[in-house]
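Undergrad: Chain by chain, the residues run as shown.
There are 2 protein chains.
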Amino acid sequence: MDLATVPAKPHDRLASALSGDMAAVNAMIRERMASEHAPRIPEVTAHLVEAGGKRLRPMLTLAAARLCGYGGPYHVHLAATVEFIHTATLLHDDVVDDSKQRRGRPTANLLWDNTSSVLVGDYLFARSFQLMVETGSLRVLDILANASATIAEGEVLQLTAARNLATTEDTYLRVVRGKTAALFSAATEVGGIIAGAPEAQVRALHAYGDALGIAFQIVDDLLDYGGTEAIGKSRGDDFREGKLTLPVIRALARADADERAFWARAIGKGRVEDGDLERAQAILARHGALESTRQSALDWAATARRSLGALPDHALRDMLSDLADYVVERIS
Amino acid sequence: MDLATVPAKPHDRLASALSGDMAAVNAMIRERMASEHAPRIPEVTAHLVEAGGKRLRPMLTLAAARLCGYGGPYHVHLAATVEFIHTATLLHDDVVDDSKQRRGRPTANLLWDNTSSVLVGDYLFARSFQLMVETGSLRVLDILANASATIAEGEVLQLTAARNLATTEDTYLRVVRGKTAALFSAATEVGGIIAGAPEAQVRALHAYGDALGIAFQIVDDLLDYGGTEAIGKSRGDDFREGKLTLPVIRALARADADERAFWARAIGKGRVEDGDLERAQAILARHGALESTRQSALDWAATARRSLGALPDHALRDMLSDLADYVVERIS
Chain A
0 MDLATVPAKP HDRLASALSG DMAAVNAMIR ERMASEHAPR IPEVTAHLVE
50 AGGKRLRPML TLAAARLCGY GGPYHVHLAA TVEFIHTATL LHDDVVDDSK
100 QRRGRPTANL LWDNTSSVLV GDYLFARSFQ LMVETGSLRV LDILANASAT
150 IAEGEVLQLT AARNLATTED TYLRVVRGKT AALFSAATEV GGIIAGAPEA
200 QVRALHAYGD ALGIAFQIVD DLLDYGGTEA IGKSRGDDFR EGKLTLPVIR
250 ALARADADER AFWARAIGKG RVEDGDLERA QAILARHGAL ESTRQSALDW
300 AATARRSLGA LPDHALRDML SDLADYVVER IS
Chain B
0 MDLATVPAKP HDRLASALSG DMAAVNAMIR ERMASEHAPR IPEVTAHLVE
50 AGGKRLRPML TLAAARLCGY GGPYHVHLAA TVEFIHTATL LHDDVVDDSK
100 QRRGRPTANL LWDNTSSVLV GDYLFARSFQ LMVETGSLRV LDILANASAT
150 IAEGEVLQLT AARNLATTED TYLRVVRGKT AALFSAATEV GGIIAGAPEA
200 QVRALHAYGD ALGIAFQIVD DLLDYGGTEA IGKSRGDDFR EGKLTLPVIR
250 ALARADADER AFWARAIGKG RVEDGDLERA QAILARHGAL ESTRQSALDW
300 AATARRSLGA LPDHALRDML SDLADYVVER IS
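As you go down the protein sequences, you meet chains A and B in turn. Numbering that gives the first Met the number 0 applies: residue 0 is where the first sequence begins, and numbers increase by one. Numbering that gives the first Met the number 0 applies: residue 0 is where the second sequence begins, and numbers increase by one.
Hints are computed from structural coordinates only; laboratory data are not their basis. Glycine included, each C-beta is placed from N, C-alpha and C at the ideal position. Any given hint could turn out to be false.
Short, incomplete list of chain B residues facing chain A, as computed with Cβ under 7 Å [claimed, not checked]:
1. Glu-35
2. Ile-40
3. Tyr-69
4. Val-95
5. Ser-98
6. Leu-118
7. Asp-141
8. Ala-148
9. Glu-152
10. Thr-159
11. Arg-173
12. His-313
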C-alpha cells in the first residue's frame with residue numbers, strides 16, 4: 000500500500016485543516032499562561048500543556064465556529080479557554096487521584112507538589128475566565144459557567160460514588176458528563192454561539208459534543224477491563240480504585256450471590272487479591288457486560304454523528320463525523 | 000456605663016444596617032451551595048460557611064451598592080459571589096497550608112479529606128461564576144475575573160517566596176493583594192458598578208477596598224509576632240512556615256551578620272529551635288520593625304478612610320470609615 004494514500008486519522012485531518020487557527024491558539028496559551036511575578040505558574044503549566052496532548056477540545060471549538068462560517072477573532076479565545084479549563088481540571092485530578100504519570104510523563108504534583116498543582120489549577124481557571132470575558136458574549140459565559148459547575152459536581156459525585164455498589168447508570172452518566180462530556184459539549188456549543196449560528200445548529204453542536212464525550216469516556220472505562228491497552232492509564236486502575244463504571248454496574252445487576260460477594264470485597268472494600276482483575280474480566284464477559292458497554296459506546300458515537308445532520312455541509316463537518324467513529328475505533 | 004450606650008463595633012453596626020440584605024444573601028448562599036446529586040458538597044460548604052465567619056466581604060458589596068443608591072436585586076448575587084470565592088479560597092488554602100483548624104473548628108480537609116476540599120472549592124468557584132453571570136454585567140465579570148487571577152497568582156507567589164530572604168516589600172504587597180486586598184477591592188467596586196455609580200465613586204470604592212484589605216492583612220501579619228493574640232491562628236505560625244512578612248523584610252534590611260545568619264537558619268532553612276520566636280521578636284523590636292509595620296497598617300487605614308471622601312454622604316459611608324479604624328484597632 001502506498002503510504003501517501005493511507006488516510007490520516009480524523010484528528011490529524013482536523014489539525015491540518017485548522018492549523019492556522021491552532022497556531023493562534025497555541026500562541027495565546029503561551030502568552031496567557033505567563034506570569035511576570037510567579038514563574039512557577041508557567042513552569043507547571045508548560046509541563047502539562049507542552050506534553051503533547053491532542054488539543055482535542057480547542058479543535059472542537061475551532062471546527063464548530065468555522066463550519067458555522069465564523070470569520071472573527073474570538074474562536075481563538077474560546078479554544079484557549081477550553082484548553083485552560085481542561086488543563087486546570089487535569090492538575091486538580093492528579094492531586095485528587097494521587098497520580099504519578101500523565102501523558103507518559105511524571106505528573107506536576109510529583110515533580111513539584113500538590114500545593115503547586117492546586118494553585119496553578121486555580122490560576123488557569125481564572126485565566127480561562129478572563130479569556131471568555133474578552134469575547135463579550137454573556138451567553139458564552141453562561142454556558143461555560145454551567146459547564147464548570149457540572150464538571151466540579153461530577154468530580155465530587157465520582158469521589159462519593161466510588162466503592163458504592165448501589166451506584167446507578169444514571170449516576171454513572173452524570174459522572175461521565177462531569178468528567179468529559181460537559182466540556183466537550185460546551186466547546187462545540189460556544190463555537191456555534193460565537194459564530195452567530197441559528198438555534199437549531201447550536202443545539203446540534205451541543206448534542207454532538209455531549210454524545211462524543213460520553214462515547215469517549217465509555218470507551219476509556221471499557222478499556223480498563225481489557226481489549227487493547229488503554230491510553231495514558233494502566234489496565235485495572237479503575238478496578239483497583241473502586242470506580243463503579245458501566246461494565247461493573249451492568250454485571251452487578253446480574254450478579255449471583257458469589258459474584259456479589261466478590262464485587263463487595265474487591266470494589267466495595269478495596270481488598271483486591273492476586274487474580275482478581277482476571278476474575279472480574281471473566282464475570283463481566285459471562286454476563287455480556289463488556290459487549291453491552293461496547294454497544295452503548297457505539298450508540299453514543301452514532302448519536303454524535305446523527306446530530307451533525309442539522310449543520311451546514313462542510314469538510315469540517317465530515318471530519319467531526321469521522322472523529323465520532325474514531326473515538327470508538329479502539330473497541331470496534 | 001450603661002450597656003445600651005456602649006457603641007457597637009462598626010462591623011456589627013454594618014450587619015444591623017444591612018440585616019435585610021444579609022438575610023437574602025444567606026438564603027442565596029444556602030440555595031446555591033446545594034447539589035441535588037452530590038450531598039458532600041453542601042456538607043463541606045456548610046461546615047465552613049456556617050461556622051460563624053464575619054461575612055465581611057459580602058457586607059462590603061452590599062454597603063457599596065446601597066450607599067450608591069442601588070435599588071435592584073443583583074447586589075445580593077454579587078455579595079453571595081464574593082463569599083463563595085472567599086470560601087473556595089479558604090478550602091484550597093487549608094489544603095495548601097495543611098491546616099488543622101479554621102475559625103476554631105477542625106478544617107474540612109481534616110474532617111473529610113484534601114480531595115473533597117479541592118473539588119468542593121472548585122464547585123464553589125463555578126457557582127460564584129454562575130451567580131455573577133446572572134447580573135448580566137460584563138464589567139462586573141471583568142473585575143471579578145481579574146481579581147480571581149490576582150488571588151491565584153498571589154497564592155503561588157506566596158508559595159515560591161516562602162523562605163526566600165531576598166523577598167522585597169514590593170513582592171510582599173503583591174502577595175497581600177492576592178491574599179486579601181484583591182477580593183476586598185473587587186467586593187466594593189462591583190457594588191458601585193451594579194449601582195451605576197459615577198466613575199469617580201467606582202474608583203474610590205476600589206481604592207477603599209484595596210487599602211482596607213492591605214491594612215487588614217498587615218495587622219494579621221504583625222500580630223503573628225505578638226501584641227495581643229492573633230485571631231484564628233497561633234502566634235508564630237508565619238515564622239515557623241517561613242513566610243517573609245513585612246516586619247521580617249524590614250528587620251532583614253537592617254540585619255547585622257549574626258542576625259542575618261539567624262534569619263537564614265530559622266526562616267531560610269526552617270530550622271527553628273526553642274526560643275527562636277522570642278529571639279525573632281527581640282530583633283524585630285530592636286530595629287523598630289514592629290513599630291514601622293504598625294505605622295504602615297495605620298497609614299493604609301488612613302488611605303482607606305480618605306478614599307471614602309469621593310462617596311455620597313451616607314450612614315453606611317461612616318460605618319465603612321469606622322471599619323477602617325476598627326481593623327487596625329488591635330494594634331493601636
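Undergrad: Against this structure, judge whether each hint is valid.
TA: Right, here's what the structure says about each hint:
no. : hint    : in the structure
1   : Glu-35  : violated, 9 Å
2   : Ile-40  : holds, 5 Å
3   : Tyr-69  : violated, 20 Å
4   : Val-95  : holds, 5 Å
5   : Ser-98  : violated, 12 Å
6   : Leu-118 : holds, 5 Å
7   : Asp-141 : holds, 5 Å
8   : Ala-148 : holds, 4 Å
9   : Glu-152 : holds, 5 Å
10  : Thr-159 : holds, 5 Å
11  : Arg-173 : holds, 6 Å
12  : His-313 : violated, 31 Å
Taken one by one, the earlier hints fail for this structure at numbers 1, 3, 5 and 12, listed in ascending order.
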